[in-house]
Amino acid sequence: MRIMVNGEPRELPAGSSVAEAVAAVTGAAQPGAGIAAALNDEVVRRSAWDATTLNEADRLEVLTAVQGG
Amino acid sequence: MDSVNDTANQADTADGGRLVIAGEELGSRLIMGTGGAPSMAVLREALIASGTGLTTVAMRRVDPSARGSVLDVLRECGIRVLPNTAGCFTAGEAVLTAKLAREALGTSWVKLEVIADERTLLPDPIELVEAAEQLVGDGFTVLPYTSDDPVLARRLEQIGCAAVMPLGSPIGSGLGIRNPHNIELIVEGAGVPVILDAGLGTASDAALAMELGCDAVLLATAVTRAQSPARMAAAMRHAVEGGRLARLAGRIPMRRYAQASSPFEGIGTGG
Chain A
15 MRIMVNGEPR ELPAGSSVAE AVAAVTGAAQ PGAGIAAALN DEVVRRSAWD
65 ATTLNEADRL EVLTAVQGG
Chain B
14 MDSVNDTANQ ADTADGGRLV IAGEELGSRL IMGTGGAPSM AVLREALIAS
64 GTGLTTVAMR RVDPSARGSV LDVLRECGIR VLPNTAGCFT AGEAVLTAKL
114 AREALGTSWV KLEVIADERT LLPDPIELVE AAEQLVGDGF TVLPYTSDDP
164 VLARRLEQIG CAAVMPLGSP IGSGLGIRNP HNIELIVEGA GVPVILDAGL
214 GTASDAALAM ELGCDAVLLA TAVTRAQSPA RMAAAMRHAV EGGRLARLAG
264 RIPMRRYAQA SSPFEGIGTG G
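Chains as they are written, first to last, in the numbering used here: chain A, 15 to 83; chain B, 14 to 284.
Please note that the accuracy of each hint is not assured.
To be verified - Listed below are several chain A residues computed to face chain B (Cβ distance under 7 Å; list not exhaustive): (1) P27; (2) A28; (3) E34; (4) A37; (5) A38; (6) T40; (7) Q44; (8) L53.
Stated by the list, open to error - Away from chain A, derived, C-beta distances all over 12 Å, residues of chain B: (9) L56; (10) A99; (11) K112; (12) G187; (13) R191; (14) G226; (15) A239.
If you're looking for bench data, these hints aren't it; they were derived computationally from the structure. Using N, Cα and C, we set each Cβ at its ideal position, and we do this for glycine too.
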């Protein structure tokens, strides 16, 4: 299945969860604090990452704090 | 403690003491930004020298190759984090960014920034008001970056923003406070803290902001892109304190002609 993660197309196994996609994009199986995810413009609480499954063409944004402003 | 500091402390106490936003006391009237620092080490030195208790960070897509986190620096320095919505052009983008920041950082405080275009980085007042209404309604403590328009500042306060943050001049321009009269009008009309945000170039600009009656100053570029960021941060810290004291002390009126500070009586050649 192909979804958009941070604006880039990414192939993930069907039925992948938000937690698995976040792990893929951060390169860490257990991403540290300070990271948040939005699925199709809605925030997904960290406690719901495992239980939230992704669908074809979903848009996932994974953000963290950086220097700026 | 020497007599100058005694006087400073008395003046501070006489005015009710520290800066309070949304019922929370902050340890410094200098709020720092983090953009523009050449390295985390330089940023850390500057933040410590500034004495700040509140510092703003941006939210961006994760970069697995990034080394060091600005959050680690703030945590190690004991500085409270203030997420911002820098880079957002619409109310919708800003609201989603604020919600992501709340989830990521565990704070409902947000520096709300909705800009109109990349050339001026001036606030878009229509989108700003829309975003502020949504975020206040969702329980956020909203600190909006706004233009130096007293009417817009009043509207933002009426919506329920916890402070108003008028610009002195465009972000990163170093042009200082281009319309001091408008800043005074905003201060006169405000029932929430006024924080001068954006455009300051050097210490005298920060002092002027406080002399005009602002409750605090937020700055980044003036420090992070100075030749010696830590030294400029210390200068800003002193300027904010000096400007605050001058405001409390009450400056003398400006006069057209001289007023002798020494008595004329008893001059030896006076006959």
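Hint by hint, here is what the structure shows:
1. P27: violated, 20 Å
2. A28: Constraint on A28/A not satisfied, violated at 24 Å.
3. E34: violated, 15 Å
4. A37: violated, 11 Å
5. A38: It is violated, given that the least Cβ distance between A38/A and chain B is near 10 Å, above 7 Å.
6. T40: Holds, because the Cβ-Cβ distance from T40/A to chain B comes to roughly 5 Å (cut-off 7 Å).
7. Q44: Q44/A check fails; min Cβ-Cβ to chain B is 14 Å, beyond 7 Å.
8. L53: violated, 11 Å
9. L56: Incorrect as stated: the minimum Cβ-Cβ distance to chain A is 7 Å, not above 12 Å.
10. A99: Incorrect as stated: the minimum Cβ-Cβ distance to chain A is 4 Å, not above 12 Å.
11. K112: It is violated; K112/B is separated from chain A by about 5 Å at its closest Cβ, not greater than 12 Å.
12. G187: Given that every Cβ of chain A is farther than 12 Å from that of G187/B, nearest at about 16 Å, it holds.
13. R191: holds, 21 Å
14. G226: Answer for G226/B: holds, closest chain A Cβ roughly 24 Å.
15. A239: holds, 16 Å
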